[in-house]
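Numbering (my numbering) for the sequence shown: 1 to 200.
Calculated from the structure, these hints are not laboratory results. Ideal Cβ placement from N, Cα and C applies to all residues, glycine included. Treat each hint with caution, since some may be false.
[Unchecked claim] Under the rule of at most 30 Å between Cα atoms (straight-line distance), these lysine-lysine pairs were calculated in the DSS-like manner:
no.	residue 1	residue 2
1	K200	K170
2	K82	K40
3	K108	K15
[What the hints assert, rightly or not] Just the calculated beta-carbon pair ranges, DEER-fashion:
no.	residue 1	residue 2	range
4	P24	F177	20 to 28 Å
5	L16	Y111	29 to 37 Å
6	V193	P24	26 to 34 Å
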Amino acid sequence: FLKSLQSLSEGKKYKLIGTYQNHPIQFPFCKNVPLDITDKMAVLRLDFFRPDIILHCAAMANIAQCETNPELARQINVEGTKNIVALAKNTGAKLVYISTDAVFDGEKGNYTEASIPIPHTVYGKTKLEGEIYCLEADIDCLVSRISILGKNHCTFVLSFIESILDKLVKGVCFHGFTDAVYAPLYAPYTLQVIMDLAFK
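Between the sequences and the hints, there should be enough to build the whole structure, so can you do that?
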């Protein structure tokens, strides 16, 4: 995924700016900026960079933590998204909102863009509310509901696939689940698809 991001900046094709809150990033191929998306004034100060595209993938995404603290989940996933939308309006940037397959309840399966979202979790509900706000705003917007596989480069928390590999390498049994079906995308491929759609 990082190599895919870096390729965007090669030959000065694109000028990249990355933001973070709790886990500092130091990507050498872009400007790294601390940001709390729930702080509207901090978000709006980014208009200094005059972005053409905003890839909004910040979220409180841990499903269990969202259930435990729904107010914080809403503050980040909904109110934070509203601040990003305000930035997009100010700059005229196209907004790419990274959403989730958790907007569906999982009862039917084989969902398409036309399927009616019925989220059962706080995470899914707040992400859907963010989707709706983005799509109803007067901006150029793309919503992408994805489930990805890859390495977690930005935190010390293992990604799902890394947690499986970690257990196997240690000879420990990994306790997964048998009641869920996913259609995940490989992270670098996901980025390429998103960028192709963003520039259409």
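We went through each hint and held it up to the structure:
1. K200 x K170: Violated - the C-alpha atoms of K170 and K200 are around 45 Å apart, more than 30 Å.
2. K82 x K40: holds, 9 Å
3. K108 x K15: violated, 42 Å
4. P24 x F177: 20 to 28 Å: violated, 33 Å
5. L16 x Y111: 29 to 37 Å: Holds, since L16 and Y111 (Cβ atoms, about 32 Å apart) stay within the stated range.
6. V193 x P24: 26 to 34 Å: About 28 Å separates the Cβ atoms of V193 and P24, which means 26 to 34 Å holds.
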